[in-house]
Amino acid sequence: MEALSLRDDMSDKTAAAGQNTLQLIAFSIGEQTYGVEITTVREIRAWNGATPLPNTREFVRGVINLRGTIVPIFDLRARFGDGQTSPTKNHVVVVMSVGDKWVGILVDAVSDILTVNRDDIHNVPEGNSIDTELLNGIVTHESRMVGLIDLHAVVSGAKMDG
Amino acid sequence: MSDLDDFKATYFDECSELLTELEEQFAAIEEGERHADRLNAVFRAIHSIKGGAGAFGFTALVGFAHAYETLLDYVRDGRIELTDDVVVLCIRANDIVADHVNAAQSGEDLPADYGADEKARFDALARGESGADSAGEDDLDGEMVDEFDLDFTPVMVNLDAPTPTGEAPVEDVFDAAPMMAAEGQWEIRFTPHRALYARANDPLLLFRELAALGKMNVRPILSDVPPLSDFEPFGVYCTWEITLVAPGLGEDAIREVFEFVDGDCDIVIAQAGTVPGLVQDEPEVVAEVATASDEPDLSSLLALTEEEVAAPAEPVVPPAAFAPEPPAAEIGPQDSFDEAPADLSFAALAAEIAPAPKAEKAAAVAAPVAAAKPAMPAAGGGESEESSGRSVGVQSIRVDLDKVDRVVNMVGELVITQSMLTQQMDETLRARYTELVRGLEVLAQTTRGLQDSVMAIRAQPVKSVFSRMPRLVRELATKTSKKIKLETIGENTEIDKTVIEQLSDPLTHMIRNSADHGIESPEKRLAAGKPESGTIRLSAEQAGGNILIIVEDDGAGINRERVLGLARDKGIVAPDITPTDEQIDQLIFAPGFSTAEAVSDISGRGVGMDVVLSNIKKIGGSVHVRSWPGRGTRMTLRLPLTLAVLDVMLVKVGGGPYVVPLSSIVETMQCSRAAFERVPSGGRVLQVRGEYVQVIDLAQRFELTSQQNPDDQFVVLCEAEGNQKVALVVDDIIGQQQVVIKSLEENFESVEGIAGGTILGDGNVALIVDVQGLRTSPIHQNAA
Numbered sequence: 001m002e003a004l005s006l007r008d009d010m011s012d013k014t015a016a017a018g019q020n021t022l023q024l025i026a027f028s029i030g031e032q033t034y035g036v037e038i039t040t041v042r043e044i045r046a047w048n049g050a051t052p053l054p055n056t057r058e059f060v061r062g063v064i065n066l067r068g069t070i071v072p073i074f075d076l077r078a079r080f081g082d083g084q085t086s087p088t089k090n091h092v093v094v095v096m097s098v099g100d101k102w103v104g105i106l107v108d109a110v111s112d113i114l115t116v117n118r119d120d121i122h123n124v125p126e127g128n129s130i131d132t133e134l135l136n137g138i139v140t141h142e143s144r145m146v147g148l149i150d151l152h153a154v155v156s157g158a159k160m161d162g
Numbered sequence: 163m164s165d166l167d168d169f170k171a172t173y174f175d176e177c178s179e180l181l182t183e184l185e186e187q188f189a190a191i192e193e194g195e196r197h198a199d200r201l202n203a204v205f206r207a208i209h210s211i212k213g214g215a216g217a218f219g220f221t222a223l224v225g226f227a228h229a230y231e232t233l234l235d236y237v238r239d240g241r242i243e244l245t246d247d248v249v250v251l252c253i254r255a256n257d258i259v260a261d262h263v264n265a266a267q268s269g270e271d272l273p274a275d276y277g278a279d280e281k282a283r284f285d286a287l288a289r290g291e292s293g294a295d296s297a298g299e300d301d302l303d304g305e306m307v308d309e310f311d312l313d314f315t316p317v318m319v320n321l322d323a324p325t326p327t328g329e330a331p332v333e334d335v336f337d338a339a340p341m342m343a344a345e346g347q348w349e350i351r352f353t354p355h356r357a358l359y360a361r362a363n364d365p366l367l368l369f370r371e372l373a374a375l376g377k378m379n380v381r382p383i384l385s386d387v388p389p390l391s392d393f394e395p396f397g398v399y400c401t402w403e404i405t406l407v408a409p410g411l412g413e414d415a416i417r418e419v420f421e422f423v424d425g426d427c428d429i430v431i432a433q434a435g436t437v438p439g440l441v442q443d444e445p446e447v448v449a450e451v452a453t454a455s456d457e458p459d460l461s462s463l464l465a466l467t468e469e470e471v472a473a474p475a476e477p478v479v480p481p482a483a484f485a486p487e488p489p490a491a492e493i494g495p496q497d498s499f500d501e502a503p504a505d506l507s508f509a510a511l512a513a514e515i516a517p518a519p520k521a522e523k524a525a526a527v528a529a530p531v532a533a534a535k536p537a538m539p540a541a542g543g544g545e546s547e548e549s550s551g552r553s554v555g556v557q558s559i560r561v562d563l564d565k566v567d568r569v570v571n572m573v574g575e576l577v578i579t580q581s582m583l584t585q586q587m588d589e590t591l592r593a594r595y596t597e598l599v600r601g602l603e604v605l606a607q608t609t610r611g612l613q614d615s616v617m618a619i620r621a622q623p624v625k626s627v628f629s630r631m632p633r634l635v636r637e638l639a640t641k642t643s644k645k646i647k648l649e650t651i652g653e654n655t656e657i658d659k660t661v662i663e664q665l666s667d668p669l670t671h672m673i674r675n676s677a678d679h680g681i682e683s684p685e686k687r688l689a690a691g692k693p694e695s696g697t698i699r700l701s702a703e704q705a706g707g708n709i710l711i712i713v714e715d716d717g718a719g720i721n722r723e724r725v726l727g728l729a730r731d732k733g734i735v736a737p738d739i740t741p742t743d744e745q746i747d748q749l750i751f752a753p754g755f756s757t758a759e760a761v762s763d764i765s766g767r768g769v770g771m772d773v774v775l776s777n778i779k780k781i782g783g784s785v786h787v788r789s790w791p792g793r794g795t796r797m798t799l800r801l802p803l804t805l806a807v808l809d810v811m812l813v814k815v816g817g818g819p820y821v822v823p824l825s826s827i828v829e830t831m832q833c834s835r836a837a838f839e840r841v842p843s844g845g846r847v848l849q850v851r852g853e854y855v856q857v858i859d860l861a862q863r864f865e866l867t868s869q870q871n872p873d874d875q876f877v878v879l880c881e882a883e884g885n886q887k888v889a890l891v892v893d894d895i896i897g898q899q900q901v902v903i904k905s906l907e908e909n910f911e912s913v914e915g916i917a918g919g920t921i922l923g924d925g926n927v928a929l930i931v932d933v934q935g936l937r938t939s940p941i942h943q944n945a946a
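The listed protein sequences correspond, in order, to chains A and B.
The first sequence lines up with residues 1 to 162 when you count with our numbering.
The second sequence lines up with residues 163 to 946 when you count with our numbering.
Hints listed in this document are in silico derivations from the structure and should not be mistaken for laboratory results.
Among the clues, some could well be false.
[Said to hold, decoys possible] Straight-line distance between alpha carbons at most 20 Å, and here's what the computed DMTMM-like set of lysine to aspartate or glutamate pairs gives:
(1) B/K904 <-> B/D564
(2) A/K101 <-> B/E911
(3) A/K101 <-> B/E908
(4) B/K641 <-> B/D678
(5) A/K89 <-> B/D924
(6) B/K641 <-> B/D257
(7) B/K780 <-> A/D100
(8) B/K645 <-> B/E682
(9) B/K904 <-> B/D567
(10) B/K647 <-> B/D247
(11) B/K625 <-> B/D246
(12) B/K659 <-> B/E703
(13) B/K779 <-> B/E911
(14) A/K101 <-> B/E907
(15) B/K904 <-> A/D100
(16) B/K625 <-> B/E183
(17) B/K641 <-> B/D175
Owing to the predicted nature of the structure, the values given are computational and were not obtained by experimental measurement.
Please put together the full structure from these sequences, using the hints given.
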């Protein structure tokens with residue numbers, strides 16, 4: 001915990017499982033597994049298209065109507081620089097709250113709910129700036145590596161010139 | 163939120179309304195409409211502000227408002243002439259009151275001497291009068307007391323032998339002690355009006371406060387209590403006389419105790435031994451004696467507000483007439499006050515409810531006084547009619563805006579559902595279900611009516627924002643040493659309340675900009691052959707589904723060379739782009755842009771005009787600036803009438819739905835029939851009725867691929883600010899409908915060329931095209 005500066009929205013809520021554990025929603029992009037803290041997740045819905053937004057970066061897939069409010073959808077694969085996802089009905093949008101905003105993240109599939117120990121969260125190895133920019137930390141679960149997504153970083157820089 | 167906070171919030175709401183009213187009244191007074199109604203309205207407004215301030219303990223505000231009110235009172239009864247100087251002083255005083263209110267609201271402290279200069283000038287004005295006319299000074303103000311004391315004390319001397327009468331005190335036995343004008347012995351006569359109780363004041367608390375000042379005796383005067391048959395449950399019949407022995411105590415200190423009920427009661431304060439003299443100096447007492455005689459109309463007279471009672475400012479009867487009168491019938495027993503128990507007599511208070519058989523007698527005794535003054539009841543009657551008319555007036559309730567908003571949103575959704583249902587009706591359905599069609603038509607009408615009614619609830623005249631501007635202009639004129647006149651036009655134009663709230667900041671910035679950068683100094687103006695005083699014209703008008711707010715000045719206009727130079731320096735405009743004059747003008751709204759020669763404390767920090775743009779965009783409006791070098795600048799805000807529902811045309815661009823606000827569309831045509839021309843930049847222009855119009859291919863601009871054959875595309879001719887047209891090329895036109903505007907920024911951020919989003923009947927999101935934004939963004943100009 002000391003070694004890691006988790007964002008406020010990650011750290012100030014304690015998962016039901018106990019003081020020192022964290023519950024994650026795990027989802028996959030290709031072979032990789034990533035996770036976000038379960039308390040930030042508002043809703044999981046199947047991909048049903050989005051209205052594209054002009055003059056935005058390729059990882060902004062557009063906006064959807066979530067019960068009357070307009071929510072932007074970010075393509076996590078594109079955000080990691082692996083090109084746009086070609087979504088099907090089997091793809092999933094995870095709607096999360098980041099600060100006071102709601103955003104959707106397009107992922108391949110939601111795989112699991114994980115309970116991990118905060119002490120088991122490792123720093124992201126220095127090296128690729130995309131990794132350190134977009135991940136808060138790495139945790140091992142059943143010998144799989146799970147990258148903890150930094151939501152604030154993911155949704156920033158959406159504008160063409162931004 | 164506690165009750166007190168609730169009350170406070172209401173109080174501040176009221177204050178802002180009252181301050182608006184003050185500005186209005188003075189705007190008219192400044193124009194030369196100096197009649198009594200206006201002054202009365204001003205007086206009432208200040209009085210209400212003061213009253214609430216007293217209740218919440220905003221002493222600084224109370225103090226200033228009180229001094230101001232006193233001045234107004236003098237003006238109202240003609241003791242001070244309403245000269246231009248006085249009007250200017252009053253306007254300044256309004257500003258100070260507003261500052262006090264703001265400070266109280268935000269919990270800040272103003273400097274202790276804030277407004278002291280103006281206060282001193284009130285006093286000076288009042289003094290100038292009091293020297294000439296020593297008769298009848300009512301409603302003495304703390305600051306002025308010293309002066310008036312000198313004036314009327316000698317007058318009282320000739321009346322130092324009042325006749326004790328049969329009006330015996332209720333309980334205490336008095337020996338006829340000689341009247342000793344003991345040092346520091348005060349006689350106070352306290353006559354509460356009904357309003358005092360109505361405002362939940364309690365005389366007991368006042369007496370307790372007085373008791374803390376010195377040795378005190380309180381005695382109720384029950385002579386006004388009518389026979390039980392005439393007794394009105396809410397009538398106020400009791401008057402108290404108080405003797406306060408407090409050596410070294412000034413009249414101010416006593417006045418202070420009654421400060422918060424001032425106006426809701428009659429207070430007569432005098433040094434012991436001078437009381438009868440007060441009768442001639444205090445019109446309130448005169449009025450009240452008449453009241454007593456006027457039984458059984460007592461209650462109606464008691465209902466008079468303080469203005470009415472104070473109205474006959476000059477005594478109708480010369481002082482001499484009072485000498486033989488027995489006004490002492492009510493005031494008489496005070497000569498033995500010093501014998502009475504010194505502490506607060508609760509029994510005396512309790513006696514208020516005791517029946518008083520002496521009422522008739524009191525009336526009889528007072529009758530001659532009343533007879534001497536027939537004018538009084540008549541005057542009072544007239545006034546009370548007016549006051550009752552005032553209270554009927556327009557009936558209104560205060561409703562939390564959130565509640566209205568919820569209704570507005572639901573009506574918005576209802577309208578959309580209704581239009582969606584109507585669209586589902588194709589010809590076969592129409593033929594088969596005629597009843598259903600009829601029902602839908604009625605539904606459409608009803609929803610439209612419902613929508614209009616709900617919008618009307620939220621609509622407010624722009625006056626509430628406009629009225630803040632005269633003050634701003636005054637302050638700016640002072641700070642910049644320029645002469646600036648503000649003209650406002652169309653202030654009764656009504657706009658949605660949310661729009662109005664968002665309007666205040668942009669307007670402030672625009673007027674600042676006009677005053678600081680637009681209007682030249684008087685010397686420069688004279689040199690340019692213009693009138694010395696610059697004019698800023700603020701106008702509001704409705705144009706179709708929009709409201710236009712125009713800020714216009716007759717200043718120097720925008721220095722385009724300088725603007726462009728700065729914009730290039732700051733990288734706002736790329737070196738290879740040559741914007742048109744009009745585009746240069748719009749640059750003043752670019753973030754971080756400022757042309758101020760020096761950063762002044764008014765404007766010039768480069769924030770401001772871009773705030774205007776972002777605020778206006780947020781509410782679905784647009785800004786356009788037009789400048790004529792040497793002649794002035796005109797800034798136009800185009801605002802939607804309502805934020806909730808927008809009439810749009812649904813178009814298809816690159817396979818997806820987009821909507822264009824119907825209010826901006828002039829006409830549509832097929833591309834095959836449109837007269838396009840090429841221009842050297844590679845873009846196209848459209849020739850419409852002899853006019854060449856910029857063409858924007860939306861698919862291209864939005865980086866979409868159009869599947870449509872160019873000849874099958876459509877041109878949507880839109881009108882942007884300043885009657886400038888722009889032709890949007892779209893793939894297809896789907897139809898018209900109403901939509902509810904949804905913010906993109908709520909969960910995302912603003913997107914260039916897009917004014918917002920909306921949700922279509924099928925649940926999908928469609929984006930609203932920002933016509934003005936597309937047209938005037940110079941950076942992407944080459945894309946078209």
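Going through the hints against the structure:
no.	hint	result
1	B/K904 <-> B/D564	holds (17 Å)
2	A/K101 <-> B/E911	holds (10 Å)
3	A/K101 <-> B/E908	holds (7 Å)
4	B/K641 <-> B/D678	holds (9 Å)
5	A/K89 <-> B/D924	holds (18 Å)
6	B/K641 <-> B/D257	holds (15 Å)
7	B/K780 <-> A/D100	holds (18 Å)
8	B/K645 <-> B/E682	holds (9 Å)
9	B/K904 <-> B/D567	holds (14 Å)
10	B/K647 <-> B/D247	holds (17 Å)
11	B/K625 <-> B/D246	violated (24 Å)
12	B/K659 <-> B/E703	holds (16 Å)
13	B/K779 <-> B/E911	holds (12 Å)
14	A/K101 <-> B/E907	holds (9 Å)
15	B/K904 <-> A/D100	holds (16 Å)
16	B/K625 <-> B/E183	holds (10 Å)
17	B/K641 <-> B/D175	violated (29 Å)
When each numbered hint is compared with the structure, violations occur for hints 11, 17.
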